[in-house]
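The task is simple: from the sequences and hints, build the whole structure.
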Amino acid sequence: MVNPNVEIARLKELMPASARMKIKIILNDRQIPVIKAKFPRPWQPSHPVTLNMDLWQHLSVAERDLLFLRTISWVMLANLLKPNGYQLLAGAGVAGGVLELMKGDAVGLLAAGGVTALAGWQLWRGVNGPQTEIVADDRAVQVAQRRGYSQADAANALIRAIEAVPALEGRRVPTQTELMRCQNLRTQTRLTEFSSVPTGSPPR
10 MVNPNVEIAR LKELMPASAR MKIKIILNDR QIPVIKAKFP RPWQPSHPVT LNMDLWQHLS
70 VAERDLLFLR TISWVMLANL LKPNGYQLLA GAGVAGGVLE LMKGDAVGLL AAGGVTALAG
130 WQLWRGVNGP QTEIVADDRA VQVAQRRGYS QADAANALIR AIEAVPALEG RRVPTQTELM
190 RCQNLRTQTR LTEFSSVPTG SPPR
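In this note's numbering, the protein residues as written are 10 to 213.
Warning: the hint list may mix true and false statements.
Ranges of calculated distance between the beta carbons of each label pair, as one might list FRET restraints [stated by the list, open to error]:
| no. | residue 1 | residue 2 | range |
| --- | --- | --- | --- |
| 1 | 86 | 172 | 21 to 29 Å |
| 2 | 41 | 13 | 36 to 44 Å |
| 3 | 52 | 162 | 37 to 45 Å |
| 4 | 15 | 41 | 20 to 28 Å |
| 5 | 181 | 29 | 30 to 38 Å |
| 6 | 181 | 51 | 34 to 42 Å |
27 Å max Cα-Cα, derived BS3-like pairs, lysine-lysine [stated by the list, open to error]:
| no. | residue 1 | residue 2 |
| --- | --- | --- |
| 7 | 33 | 47 |
| 8 | 45 | 21 |
| 9 | 47 | 31 |
| 10 | 31 | 21 |
| 11 | 45 | 33 |
| 12 | 21 | 33 |
| 13 | 31 | 45 |
| 14 | 21 | 47 |
In case anyone wonders, no lab produced these hints; they're calculated from the structure. Don't be surprised by glycine CBs; every beta carbon is placed ideally from N, CA and C.
What follows is the structure, encoded as C-alpha cells:
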C-alpha cells in the first residue's frame, strides 16, 4: 500500500527544479486515467497533474517514476507562451472578432470566430500529437538519468508503464500512439545496447 503523502513528497523531489513551482500534484481516485494532465493554459500560475492512487500503486516504483516524469515533460513541452504561427493566427482571430462585434458585423464575427477555432484546434493537435508524446518520453528518460537511472533501465521502465496503463484503466488494447511510443523507446534501448558492445578485440 502506497502512502499518498509520502508518494507526493517523493514525486516532488523527483521533478526537475524548473517544474516544481509550476506543477501541482492532486489526488483523484474517481478519475479513470492513472495519471492525467490537462492542456496547459499560459495564464494559470500552476498546472495540475492528477493521480488515481488506487491505480497508481499497482505500478512499480521505477514505472511510477518514469510515467510521472513523462507527464511532467509533456506539460513543460506544451509551452503556449512561445509565439508561433497558430498562436498569432488565433490572436488575430480574437482581435478581429472583437472589432467585428463592435461594428455589429455578424458575418465578419463568424469569420473571425472560425479563424480562431481553426488556429486553436491546430495548436491543440500540435501539443497532443504523437511527435510531442515521443519527445516527452525522450525527455523523461533524460531526466531519469540525472536521478540515477541508466538510459536502458529508464526506457524499459517507461515501456512497462505504458503497457500496464491500458489494463489499469479498463482498456482492452493500447492506443496507436502508445504503440508508437513503445516502439520508439525500444529502438533507443537497442541502439544503446549496440553502442555499448565492444567493436574490437583488446590488444595482446
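Cross-check of the supplied hints:
For residue 86 paired with residue 172, a C-beta distance near 22 Å keeps the hint of 21 to 29 Å intact. The hinted window of 36 to 44 Å between residue 41 and residue 13 is violated, with their beta carbons roughly 19 Å apart. The hinted range of 37 to 45 Å is satisfied by residue 52 and residue 162, whose Cβ atoms lie roughly 38 Å apart. Between residue 15 and residue 41 the beta carbons are some 24 Å apart, a value that agrees with the proposed interval 20 to 28 Å.
For the hinted restraint 30 to 38 Å between residue 181 and residue 29, the CB-CB distance of approximately 37 Å keeps it satisfied. Take residue 181 and residue 51: their Cβ atoms lie about 37 Å apart, and the range 34 to 42 Å holds. A hinted pair counts as satisfied when its Cα atoms are at most 27 Å apart, and residue 33 with residue 47 qualifies at roughly 12 Å. As the CA atoms of residue 45 and residue 21 are separated by approximately 16 Å, the hinted pair is consistent with the 27 Å bound.
Restraint check for residue 47 and residue 31: the C-alpha separation of about 13 Å stays at or below 27 Å, so the hint holds. For the proposed pair residue 31 and residue 21, the alpha carbon gap of about 11 Å is at most 27 Å, so the pair holds. As the CA atoms of residue 45 and residue 33 are separated by approximately 12 Å, the hinted pair is consistent with the 27 Å bound. Distance check on the hinted pair: residue 21 and residue 33 sit about 9 Å apart at the alpha-carbon level, within 27 Å; holds.
Among the hinted pairs, residue 31 with residue 45 is consistent with the structure: their alpha-carbon atoms are about 15 Å apart, no more than 27 Å. For the given pair, residue 21 sits about 18 Å from residue 47 by alpha-carbon distance, which is consistent with the 27 Å threshold.
The earlier numbered hint that this structure contradicts is number 2, and it is the only one.
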